[in-house]
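**Q** Going down the list, the protein sequences come from chains A and B.
Following my numbering, the numbering of the first sequence begins with 1 at its first residue and continues without gaps.
Following my numbering, the numbering of the second sequence begins with 1 at its first residue and continues without gaps.
For the record, the hints were derived by calculation from the structure and aren't laboratory data.
Have a look at the derived ranges for each label pair, beta carbon to beta carbon:
1. 114(B) x 232(A): 23 to 33 Å
2. 121(B) x 163(A): 43 to 53 Å
3. 300(B) x 232(A): 56 to 66 Å
4. 163(A) x 168(B): 28 to 38 Å
5. 167(B) x 116(A): 49 to 59 Å
6. 77(B) x 126(A): 52 to 62 Å
7. 61(B) x 225(A): 22 to 32 Å
8. 63(B) x 174(A): 42 to 52 Å
9. 124(B) x 218(A): 49 to 59 Å
Think of the CB as a built atom: it goes at the ideal place given N, C-alpha and C, for glycine as much as any other residue.
Each chain, letter by letter, is given below.
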Amino acid sequence: MSGALAVYQKELATYFRSPIAYYVVAVFLLGTGYFFLYNIFLTGETTMAGTFQNMGMLLLTLAPVISMRLFSAEYTAGTAELLLTLPLRPWQIVLGKYLGAVTMLLSITAGTLIDLVPLYLFGTPETTTILAGYLGFVLLGMACLAVGQFFSTLTHNQIVAALITAAVLLGFWFVGHLQSFQRSDALRSLFGYLSFSHHFTDFIQGLVRTEAVTFYLVVSAIALTLSAGYLAGRR
Amino acid sequence: MSASSAVIVLESVSKRYGSRTIIHDLSFTVEKGEIVGFLGPNGAGKTTTMRMIAGFTAATSGRVSVAGFDMATQNVEAARRIGYLPERPPLYDALDVSAYLRFVARVKGVRRSAIPAELERVMTACHLEAVVRHEIFKLSKGYRQRLGLAQALLGNPEVLLLDEPTAGLDPGQIQETREVIRAFGRDHAVLFSTHILAEVTLICRRVAIINHGRLLAIDSPGGLRRAVEQTNRVTLQVVAPAPALRELLLSVEGVSSVDIRGSSGDDSVLTVECGVDARNGVEAAIARAVAGRWDLHRLERQQPTLENIFLQYVKETPAGGVPA
Numbered sequence: 001m002s003g004a005l006a007v008y009q010k011e012l013a014t015y016f017r018s019p020i021a022y023y024v025v026a027v028f029l030l031g032t033g034y035f036f037l038y039n040i041f042l043t044g045e046t047t048m049a050g051t052f053q054n055m056g057m058l059l060l061t062l063a064p065v066i067s068m069r070l071f072s073a074e075y076t077a078g079t080a081e082l083l084l085t086l087p088l089r090p091w092q093i094v095l096g097k098y099l100g101a102v103t104m105l106l107s108i109t110a111g112t113l114i115d116l117v118p119l120y121l122f123g124t125p126e127t128t129t130i131l132a133g134y135l136g137f138v139l140l141g142m143a144c145l146a147v148g149q150f151f152s153t154l155t156h157n158q159i160v161a162a163l164i165t166a167a168v169l170l171g172f173w174f175v176g177h178l179q180s181f182q183r184s185d186a187l188r189s190l191f192g193y194l195s196f197s198h199h200f201t202d203f204i205q206g207l208v209r210t211e212a213v214t215f216y217l218v219v220s221a222i223a224l225t226l227s228a229g230y231l232a233g234r235r
Numbered sequence: 001m002s003a004s005s006a007v008i009v010l011e012s013v014s015k016r017y018g019s020r021t022i023i024h025d026l027s028f029t030v031e032k033g034e035i036v037g038f039l040g041p042n043g044a045g046k047t048t049t050m051r052m053i054a055g056f057t058a059a060t061s062g063r064v065s066v067a068g069f070d071m072a073t074q075n076v077e078a079a080r081r082i083g084y085l086p087e088r089p090p091l092y093d094a095l096d097v098s099a100y101l102r103f104v105a106r107v108k109g110v111r112r113s114a115i116p117a118e119l120e121r122v123m124t125a126c127h128l129e130a131v132v133r134h135e136i137f138k139l140s141k142g143y144r145q146r147l148g149l150a151q152a153l154l155g156n157p158e159v160l161l162l163d164e165p166t167a168g169l170d171p172g173q174i175q176e177t178r179e180v181i182r183a184f185g186r187d188h189a190v191l192f193s194t195h196i197l198a199e200v201t202l203i204c205r206r207v208a209i210i211n212h213g214r215l216l217a218i219d220s221p222g223g224l225r226r227a228v229e230q231t232n233r234v235t236l237q238v239v240a241p242a243p244a245l246r247e248l249l250l251s252v253e254g255v256s257s258v259d260i261r262g263s264s265g266d267d268s269v270l271t272v273e274c275g276v277d278a279r280n281g282v283e284a285a286i287a288r289a290v291a292g293r294w295d296l297h298r299l300e301r302q303q304p305t306l307e308n309i310f311l312q313y314v315k316e317t318p319a320g321g322v323p324a
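Kindly generate the complete structure, drawing on both the sequences and the hints.
**A** This is the structure:
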């Protein structure tokens, strides 16, 4: 575990020295702030539901920007040759880097808490619903980052990693819409189950279902395992 | 652990990428307390071999072991005992020098309490004290190269693999780096690749020459010299009539060929190159024979240089992937 921890701390030290991190934070917080104001003033309801929905979409475009550098940058800088010849197992590298990205996710999420201040000052929002929404957002983000990390292990090119990740994440987000075109119940429930947005909607409505929590965690675990497996087999 | 003191062992190692074979049936060992120089033209397979020993890539067939650990199955155990400087120093530009070294030291399992002293040790050895707090992207090429070396020395590994450690250094830095390698080589196993042949003569006990992915020779620099030059050369400058001189020289025992290059400036001074066998005393016999009759200006035995040896080996290798 100490190896993974060292990688994690190295990741944190490098994150905020990159302009991309500041770009991600700025775009995310500005975007969220805008959606928050828009939703509040349009609906006049003291709820985060609309904002969460938009945050989820925003995340689909920003998660690939966070994850694209995880391995691609190591390949192009030549540091992969160090990382992969140090006494580290592939899972330690993958986990350390993933936790670094998740920390980044948690910090941008924490930045949105400021939106709650006016909400609580001028209204009486449902705290449990908001908590559920945040839990869903973080779980969704964890799945997106794990998927993005996997595509970053596959290519030297950060842009390619980001574009493939964004395409795949959008696919997972909208796959639920295919339900309406299916006659077979099996396919309909499969598309529903695979949909990132269906599970996320549950959280936004204040529903914390084991199935949804498990779904995001399983997607993350599969993507992380694939990354570690790729690194081990790459030699 | 094997009984012998061989720390790096390659046993008929091959590496293929698709249908291309990069390394053919390579076998050699490096022992503890030995510095082995790895020579070869660009694209000969030096970096690929280094990467296989370091565990960055796996051999397609054959076996690589380091400190008794098989790189195919126990590469993490082996990695604890390897210091590796790749061709391009693997540096994180965003970190500062001490943060970078601290990261590598921690991963290499240096105890937390021992890390400051260990950083101090490698930074002193590699002359990095002046840039401890500098961000890596601001460092000059010489500093980057030496930081890469410092990283490899962390944790006092049994094996040091250095891929062109003196590339990009100025003459003073090259000198210092050689000293580091020499000192380290006394009780560790060191394999380093280089283009600078003089470097090999200066610090290596043995030299491995590789081309087109095949090992052409591995021996001490002196041994390589002897193997290459069955016949040595003696050059002399003498004032004499050419036909008579040729006749006389060929009559000296040990002289196998005479090549008279004509006069050098003054039309009576001839430059003569004689092929002689390796016996001692041939020069003296030539000198005795010539000096009695003509005016001998210069006489010297030419040692084959490592450049010549290297070029001779490399020229003899067939290109292409046909196994020998």
